[in-house]
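K.L.:
Chain A is fixed; fit chain B onto it per the hints.
Protein chains: 2
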Amino acid sequence: MLIDALQCGEFDREAFEALHKGGYTCVTPTLGFWEGTLESMDAIGHWRDMERENSDLIRIVYKADDIRECEKDGKVGILLGYQNTNLLEDRIRFVELFADMGVRVLQLTYNNQNELGGSCYEEEDSGLSRFGREVVREMARAGILVDCSHTGDRTTLHAIEHSPKPIAVTHANPASVFPHKRNRSDDVLHALAETGGVIGCAAYRNITPADACATIRGFAELVARTVEIAGVDHVGIGTDYSYKGDDKFRDWMRKGRWTRSVQYGAGSPKAPGAVAKPEWLPGPERLGDLAGGLKEVGFSDEEVGKIMGGNWLRLYETVFG
Amino acid sequence: MLIDALQCGEFDREAFEALHKGGYTCVTPTLGFWEGTLESMDAIGHWRDMERENSDLIRIVYKADDIRECEKDGKVGILLGYQNTNLLEDRIRFVELFADMGVRVLQLTYNNQNELGGSCYEEEDSGLSRFGREVVREMARAGILVDCSHTGDRTTLHAIEHSPKPIAVTHANPASVFPHKRNRSDDVLHALAETGGVIGCAAYRNITPADACATIRGFAELVARTVEIAGVDHVGIGTDYSYKGDDKFRDWMRKGRWTRSVQYGAGSPKAPGAVAKPEWLPGPERLGDLAGGLKEVGFSDEEVGKIMGGNWLRLYETVFG
Chain A
16 MLIDALQCGE FDREAFEALH KGGYTCVTPT LGFWEGTLES MDAIGHWRDM ERENSDLIRI
76 VYKADDIREC EKDGKVGILL GYQNTNLLED RIRFVELFAD MGVRVLQLTY NNQNELGGSC
136 YEEEDSGLSR FGREVVREMA RAGILVDCSH TGDRTTLHAI EHSPKPIAVT HANPASVFPH
196 KRNRSDDVLH ALAETGGVIG CAAYRNITPA DACATIRGFA ELVARTVEIA GVDHVGIGTD
256 YSYKGDDKFR DWMRKGRWTR SVQYGAGSPK APGAVAKPEW LPGPERLGDL AGGLKEVGFS
316 DEEVGKIMGG NWLRLYETVF G
Chain B
16 MLIDALQCGE FDREAFEALH KGGYTCVTPT LGFWEGTLES MDAIGHWRDM ERENSDLIRI
76 VYKADDIREC EKDGKVGILL GYQNTNLLED RIRFVELFAD MGVRVLQLTY NNQNELGGSC
136 YEEEDSGLSR FGREVVREMA RAGILVDCSH TGDRTTLHAI EHSPKPIAVT HANPASVFPH
196 KRNRSDDVLH ALAETGGVIG CAAYRNITPA DACATIRGFA ELVARTVEIA GVDHVGIGTD
256 YSYKGDDKFR DWMRKGRWTR SVQYGAGSPK APGAVAKPEW LPGPERLGDL AGGLKEVGFS
316 DEEVGKIMGG NWLRLYETVF G
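These protein sequence lines map, in sequence, to chains A and B.
To convert, note that position 48 of the first sequence is 63 in the numbering used here; the numbers rise steadily by one, no gaps.
To convert, note that position 16 of the second sequence is 31 in the numbering used here; the numbers rise steadily by one, no gaps.
Bound conformation, chain A alone (with noise of 0.2 Å):
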């Protein structure tokens, strides 16, 4: 079981071929992150037909036993997500129809306010609003996990409380480890942790430790940390690996429609652009490898399953239902 809580970028048969040899079971690739609903739309209809046409080696999954399913038979199973909750353009009645249309991950915000909750880079977190506080309700109702990966501190941990099922961090680290906006504070673990969420650490260069990014070793470590932080019940991988992203595409998600001017995302004017793939994940074959560096930093082989998917099984099967 080898479980990728968020990958991004242009996903084509190319990059399904690299999955299907990584022995990936699921991975969650991102749909969209600044288009309505509409285009969101469009987006599961592109997957519809990109599962039609590779389905000798993908599977878009809906639960839990689907995932299983896919170990059982070797396919990939893919996991519908977006970063951000445009796409329900301001309708509570929305989250259950994209639930039907396949939809299972939402992070709340991307990297600004929406009419949600704050983002980690607003200067100010505003905390889960009042429509994000139904959302957050119906998401569980309606077996949609609660991402808040790009999602400020403060609305994250309302995100927690008012979640009547856990919610997941799928792609960042703990700021204690390595301070950067987008990464999560102990508190914010610590909570996500006691309602049995699951934390995914990201191999994206721009909000990951030097020593993780160079060796399967420095990135178990990293992994190793967390877990002091969360517990080995509430860890899981979350790359934001990317693939194919160019300059339009990066533009794409750093300034979508919102502003004419220049923005970093997680990077910074020092690093601008394209930041290079971790030495040890030039592509994703490689992330099954990880299993052994878990072992080599003392993980026994009930918590290396735990981190390389079975957390992530756990709490989508808690939360698909």
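These are computed hints drawn from the structure, not numbers from a lab.
C-beta atoms are modelled at their ideal positions from N, C-alpha and C, and glycine is treated no differently.
Listed next, the stretches of chain A that the computed footprint assigns to chain B, with coverage defined by at least 3 CB atoms under 8 Å from CB atoms of chain B: (1) 56-62; (2) 114-128.
Negatives, chain A to chain B, calculated, CB over 10 Å: (3) 37; (4) 78; (5) 179; (6) 193; (7) 195; (8) 200; (9) 226; (10) 230; (11) 244; (12) 247; (13) 273; (14) 277; (15) 286; (16) 294; (17) 301; (18) 308.
P.N.:
Same frame as chain A, but now just chain B:
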């Protein structure tokens, strides 16, 4: 088993109580006439809310077995349908997404030509367009019933030819019995029947003989004449019964956003507005009495069962899978 394949107007608890009292097993309300994707999703959301608020009376049904359960449980099954295909906004991919959201019936065109084909009111019926052929095939694959009640005869014949599954004319009468653009030719009814389709006899004064509006026996005779054309396995009921349709609602049905001029729909300058309900069907509660009328005009118990709902159920089972 009592199935009405088409009603319209503004449904509320009062309507559901009347349907429940009348012993309806299943009814197809009209969720939209001209609405695009977003507004059509709003309508599904509205019906989900009405289902939750009136769960003692109604239940949205998705397959034939749901309707059988409604019969057993004394609930009114609600089959979600639209009288147009504007909700697709030109996207073949949206057919299966609306199927996922529970849509089970789509009329190819309403009163005007659209991207799919020609309407019964157009001077020239284009026949089924290139996109129309794609959609008809995709609807069969996704399990949505093709309805051609307002569609032109030529387009209807093409739909019958191109659909891999039988189709429906949910609410119209034979034009050979009551000449009107909204009623269908014998050629259409023969082709419909040969491919396993069903026509629902309508009880809407503008398109229904005066005798069939006056008494149950008169309506039973209309059904008998329709059976003479299409055969007893291919005739059901689709009253076109309308709830609380005020001038504003009727204007929306007839004019949408496409014209500033006066439009009469199935009416005429002589009958421009609301027409009286049939004398025997002042409210929906009375429809069940038609079974007696059908026996009076010579139908056997088995045949009455087919006409009152069995034929629709068979068609639904074939199309929804």
